[in-house]
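> Listed below, chain by chain, are the residues.
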Amino acid sequence: MYNEKGAHKLNVNVQKRLGTTLIKVAFEVPEEGITVLYGHSGAGKTSVINMLSGLITPDSGTISLNGKVLFDSATKINIPTHKRRAGYIFQDKRLFPFMSVRKNLLFGCRNKKNDKMVLTNIAELLGIADLLDRKPDSLSGGEGQRVAIGRALLSQPEYLLMDEPLSSLDQQRKNELIPYIKQIPDKFNVPVILVTHSYEEAAYLADHIVLLDGGEVTCNGTSEQILPQISCQSPLSFAV
Amino acid sequence: MDRILELLSDKDLAFTIALTAKTCCIAVALHAIFGLLIGYYLARKKSFCAALIDLMVTLPLVFPPIGTGFILLLMFGRNGVLGKLGITPEIIFTEAGVVTAAFIAGLPLVVKPIQSAIEKEVFKLAEAAKTLGKNEVQVFFLIVVPAVKRSLGAGLILAVGRSLGEVGITLMVGGNIIGKTNTISLEVYNSVMDADFLRAGVLCLILGSISVCVFFALRRLSAL
Numbered sequence: 001m002y003n004e005k006g007a008h009k010l011n012v013n014v015q016k017r018l019g020t021t022l023i024k025v026a027f028e029v030p031e032e033g034i035t036v037l038y039g040h041s042g043a044g045k046t047s048v049i050n051m052l053s054g055l056i057t058p059d060s061g062t063i064s065l066n067g068k069v070l071f072d073s074a075t076k077i078n079i080p081t082h083k084r085r086a087g088y089i090f091q092d093k094r095l096f097p098f099m100s101v102r103k104n105l106l107f108g109c110r111n112k113k114n115d116k117m118v119l120t121n122i123a124e125l126l127g128i129a130d131l132l133d134r135k136p137d138s139l140s141g142g143e144g145q146r147v148a149i150g151r152a153l154l155s156q157p158e159y160l161l162m163d164e165p166l167s168s169l170d171q172q173r174k175n176e177l178i179p180y181i182k183q184i185p186d187k188f189n190v191p192v193i194l195v196t197h198s199y200e201e202a203a204y205l206a207d208h209i210v211l212l213d214g215g216e217v218t219c220n221g222t223s224e225q226i227l228p229q230i231s232c233q234s235p236l237s238f239a240v
Numbered sequence: 001m002d003r004i005l006e007l008l009s010d011k012d013l014a015f016t017i018a019l020t021a022k023t024c025c026i027a028v029a030l031h032a033i034f035g036l037l038i039g040y041y042l043a044r045k046k047s048f049c050a051a052l053i054d055l056m057v058t059l060p061l062v063f064p065p066i067g068t069g070f071i072l073l074l075m076f077g078r079n080g081v082l083g084k085l086g087i088t089p090e091i092i093f094t095e096a097g098v099v100t101a102a103f104i105a106g107l108p109l110v111v112k113p114i115q116s117a118i119e120k121e122v123f124k125l126a127e128a129a130k131t132l133g134k135n136e137v138q139v140f141f142l143i144v145v146p147a148v149k150r151s152l153g154a155g156l157i158l159a160v161g162r163s164l165g166e167v168g169i170t171l172m173v174g175g176n177i178i179g180k181t182n183t184i185s186l187e188v189y190n191s192v193m194d195a196d197f198l199r200a201g202v203l204c205l206i207l208g209s210i211s212v213c214v215f216f217a218l219r220r221l222s223a224l
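So the sequence lines, in the order shown, correspond to chains Y and V.
When you number the first sequence by the UniProt record's numbering, it's gap-free, plus one each residue, and the end is 240.
When you number the second sequence by the UniProt record's numbering, it's gap-free, plus one each residue, and the end is 224.
Calculated from the structure, these hints are not laboratory results.
Please note that a few of the clues may not be correct.
Stated by the list, open to error - Derived CB-CB ranges, DEER-like:
{"id": "1", "chain 1": "Y", "residue 1": "Asn189", "chain 2": "V", "residue 2": "Cys213", "range": "56 to 62 Å"}
{"id": "2", "chain 1": "Y", "residue 1": "Asp137", "chain 2": "V", "residue 2": "Gly86", "range": "53 to 59 Å"}
{"id": "3", "chain 1": "Y", "residue 1": "Pro80", "chain 2": "V", "residue 2": "Ser47", "range": "18 to 24 Å"}
{"id": "4", "chain 1": "Y", "residue 1": "Pro80", "chain 2": "V", "residue 2": "Met75", "range": "35 to 41 Å"}
{"id": "5", "chain 1": "Y", "residue 1": "Gln172", "chain 2": "V", "residue 2": "Arg150", "range": "34 to 40 Å"}
Said to hold, decoys possible - Here are the simulated DMTMM-like pairs of lysine to aspartate or glutamate, each with C-alpha atoms no more than 20 Å apart in a straight line:
{"id": "6", "chain 1": "V", "residue 1": "Lys120", "chain 2": "Y", "residue 2": "Asp163"}
{"id": "7", "chain 1": "V", "residue 1": "Lys124", "chain 2": "Y", "residue 2": "Asp163"}
{"id": "8", "chain 1": "V", "residue 1": "Lys120", "chain 2": "Y", "residue 2": "Asp207"}
{"id": "9", "chain 1": "Y", "residue 1": "Lys187", "chain 2": "Y", "residue 2": "Glu216"}
{"id": "10", "chain 1": "V", "residue 1": "Lys149", "chain 2": "Y", "residue 2": "Asp163"}
{"id": "11", "chain 1": "Y", "residue 1": "Lys103", "chain 2": "V", "residue 2": "Glu6"}
{"id": "12", "chain 1": "Y", "residue 1": "Lys83", "chain 2": "V", "residue 2": "Glu127"}
Even glycine gets a Cβ: it sits at the ideal position worked out from N, Cα and C.
Given only the sequences and the hints, what does the whole structure look like? Please build it.
What follows is the structure, encoded as structure tokens:
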């Protein structure tokens with residue numbers, strides 16, 4: 001299951017047909033910091049992170065993280081979602097409405113011995129310590145998204161997937177949440193793969209950018225390399 | 001009044017009430033288990049097999065109960081379809097037959113609300129639970145069941161009501177044998193046939209009281 005090739009990298013080389021759309025992506029990104037999958041709506045960004053999480057099975061290809069093979073069609077390896085340890089923050093949060101914030105946070109907690117201490121630490125860090133006894137329905141968009149981040153972090157993921165976590169928030173809430181996201185890789189020692197179609201979000205958050213268009217990777221590099229090439233007015237076209 | 005007291009202390013009536021209560025308890029447990037499993041399966045799968053199961057579960061809702069009972073008699077009778085294949089479950093004219101009738105009559109009323117309640121949103125929550133390390137079984141009990149518990153409660157209330165009032169299927173499969181398979185509903189029918197309207201009235205009151213108790217119990221459970 002482990003190999004030396006591709007250590008400390010996320011290697012993705014997959015193909016998947018979804019209806020009439022063919023997603024055929026191959027990229028390699030460092031297993032650290034924040035990697036932004038950037039592209040238009042319909043470019044295949046969410047499908048790619050769904051394949052990384054195991055929620056969608058690619059038709060063919062390989063996915064490996066830090067040398068650990070998560071999917072390989074040739075050797076028929078396909079680690080199921082619940083064993084991948086992929087924290088996933090969905091665009092629509094998906095908090096469990098019948099549980100309190102506290103129970104939501106502890107739902108996937110792997111550190112059962114010190115769960116209360118870990119919960120307190122993460123809740124304070126994310127500014128949700130006062131919300132623990134409330135139900136998800138009573139939270140604002142930003143609070144709900146911070147609870148979703150806390151819930152994913154408490155499951156001690158090996159990598160964190162974020163699907164447009166800021167898209168449903170107004171500018172003020174976005175400004176509040178961005179610093180929390182920015183500090184995740186360093187504070188929790190977990191690489192983040194974040195999907196967005198917003199140039200500003202990519203510019204604020206990305207250490208590394210993978211540009212997707214029409215189900216294919218059109219560019220891949222550090223944010224310093226990629227951002228200057230993207231036009232702010234028409235973010236997905238390259239400035240000539 | 002003396003006649004009513006005499007009726008209430010009748011041993012045959014005590015048996016009938018006990019049989020009905022026992023049948024209801026077993027049926028409600030079976031409805032909860034199979035209603036959840038079948039409802040979840042039908043909401044997830046869109047195959048031919050799922051369509052066939054859906055048809056079989058829904059049939060007692062749209063087909064006359066006496067007809068459903070007759071089909072069961074043809075299947076499970078000594079010379080029935082299953083009997084010729086060497087499978088002879090002892091359900092015809094037994095207490096098991098009465099429970100089977102109550103189960104089949106009430107099942108669609110549990111399955112249908114659960115099937116509709118398990119919509120896209122529940123599957124989305126299930127996906128979130130999987131990314132948090134829960135397997136299929138854990139997802140079913142920790143996410144699906146709590147998400148549909150109100151629909152389950154509503155379905156069980158309807159199913160218990162249907163089971164209590166079941167006559168057609170029970171008559172064919174249970175046989176209405178006095179002291180063996182005569183439920184309260186069948187005894188109401190027997191009393192009317194004997195022109196004993198007072199007995200029929202008392203039985204209706206008992207039936208109504210059980211229904212009200214079950215209604216409030218399940219309503220409370222589903223609101224938890």
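> Output the numbers, in ascending order, of every earlier hint that fails for this structure.
Hint check: 8, 9, 10, 11 fail, others pass.
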